[in-house]
Amino acid sequence: MRLGLVIDLDTCVGCHACAVACKEWNTSGTTGALTDYQPYGAKPSGVWFNRIRHYEIGEYPYNKTVNFPMSCMHCENAECVTVCPTGASYKRAEDGIVLVDQNKCMGCNYCSWACPYGARELDRASGTMKKCTLCIDRIYDMEIPEEERQPACVLTCPAHARMFGDFDDPESPVSRAVRERGGYQLMPELNYNPSNHYLPPRVHAPIPTEGMRKKAAAKVKAWVNRVVER
Amino acid sequence: MHPALAVIFLTLFSGGGFGLMALVAVVNDFHIEGGLNPLQTLVAVLISLVFVTIGMLSSTAHLANPKNAWRAFTRWRTSWLAREGIFAVLFYPFAGLYLLWVYFTQAPADSVGLVLANLAGLIGLVTIFCQGMIYAVLRTIRQWNTPLVPANFYFMGLGIGATILAAERIVFGAPATAFVALAVALLVAAAVLKGIYYFWISRPGGPTIRTATGFNRLTVRILDQGHTFGTFLTEEFGHTLPAARARNVKLLMYLVAFVIPIAALAFALGTGSAAAALIAAAAVVVGIGIERWLFFVEAQHVVNLYHGRPSC
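In order, the protein sequences belong to chains Y and U. So the first sequence is residues 0 to 229, counted in numbering that gives the first Met the number 0. So the second sequence is residues 0 to 311, counted in numbering that gives the first Met the number 0.
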């Protein structure tokens, strides 16, 4: 198995619900807590497994806002695991999930240097590196209904912009979505072979904004404005 | 990259210490200008051990959870950081035994002594290689992902060692012409190699904000980073140095690390001035400390692309 996520950049609305749901679930999960620094202070900051950035692509009038959620890509060539001197970082053979053993990590930051996607963040309170677990304490939990055995970010997404599944199965929904929608990996030139894939925005005709015929109501309004003096 | 003093001190002092030990072995192997007498050998090996220890201790200051530091010796099959730790620790018994051997037998260049000195020197050189590879293997940082990094670490470490050794000879009043010549040659080589490195990293290359987001044929610019104040990522990787300031710091670095030590050594050799010799040794350590600071602050991690930088 090669578990991972597919992010649909066409439908993501950038609401950060996935990041909030992630933080809520994982702060009491196996690698919790996700410490906040000065949560009510002047400069709030803290540990997150999932961050959403927002970009403008293209030039006006063919430009578009793209919301860009990023978490651990659970790479096939996970350099973060290779460089770890303590053996705290490891990649599970059975499903490809990359994890950090909080009891072994010495907090040297080296794995975060090796990660191109910014997936790893040091928790200053525990002194250990923390990262997305793909909700491993949820997807294998036989106590919850089968349809809920998915990462918290996927379950919560109101736009259905996130999919979870097995990339080794060519007929899984994630494999099919990648095949049909031209899903791609980020920074393929670094050869980390990330599991997570991104679906590009669909191509839409731009909505015209200039040279439009005025509607009848607007014409009447303009005439009234002309004849009625204040 | 965040220029953490702990990591700067690690590579600076331990590199210099290992370089010094290797040169002590070479000098006593070949009896260069009569070799080092027992006292000079003791002082040099002691300085080497102190330098390596400063480096090792300051490296643990970089750990957020040092109680697990002993585990760092376990993943030597894949991790250069683990290999560096193992070889650095392996250095101590050989350097320490050589120190004791010379202290008790007063024979720095008999066969037992030379075996110990050469093994210590060799392990030190291997450790410098591992230190360089810690940075050189990272494909995420273009400025580090080059074989020039371990090469630079070698010449800088040997340059520090040679300058300290030459200064020591002058302070002891022993003949030092070959020592000064060795130090000058290594410092010039280190300066040239660093110049090649700066030329190399000044050429643009590597991933861009387009390949990072996958919109390879479009312009991409950041609208919002998604966080109001700094994160671990911005604190660790966000540091930059404006080009004009970088140029000035590099000029200062070349002056302090290479020009002043070479001039001071030449002056000390001519006049026998111990003060000038000590100035040379202090300047080379400070100067290469500035070089190491630049090495970190100029390293641009690709995660900055996601925070809106067009290229790194």
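Treat the hints as calculated values from the structure; they're not laboratory data. Just so it is clear, CB atoms sit at the ideal spot from N, CA and C, and this is done for glycine as well. Fair warning: there could be bad hints in the mix.
Claimed, not checked - Derived coverage of chain U by chain Y (criterion: at least 3 residues anywhere in the stretch with Cβ under 8 Å from a Cβ of chain Y; other residues may be distant):
1. 32-40
2. 54-66
3. 133-139
4. 219-226
5. 280-286
Okay, the hints, checked on the actual structure:
As drawn, the region 32-40 of chain U meets chain Y at 0 residues by the rule of a beta-carbon pair under 8 Å; below three, the given contact is violated. Given as covered by chain Y, the region 54-66 of chain U passes the check, having 6 residues with a CB less than 8 Å from a CB of that chain where 3 are the minimum. Under a criterion of three residues with beta carbons nearer than 8 Å to beta carbons of chain Y, the stated coverage of the region 133-139 of chain U is upheld, 5 such residues being counted. With a cut-off of 8 Å between beta carbons, the region 219-226 of chain U has 8 residues touching chain Y; three or more are needed, and the interface restraint holds.
Only when three residues or more bring their CB closer than 8 Å to a CB of chain Y does the claim for the region 280-286 of chain U stand; here the count is 0, and the claim is violated.
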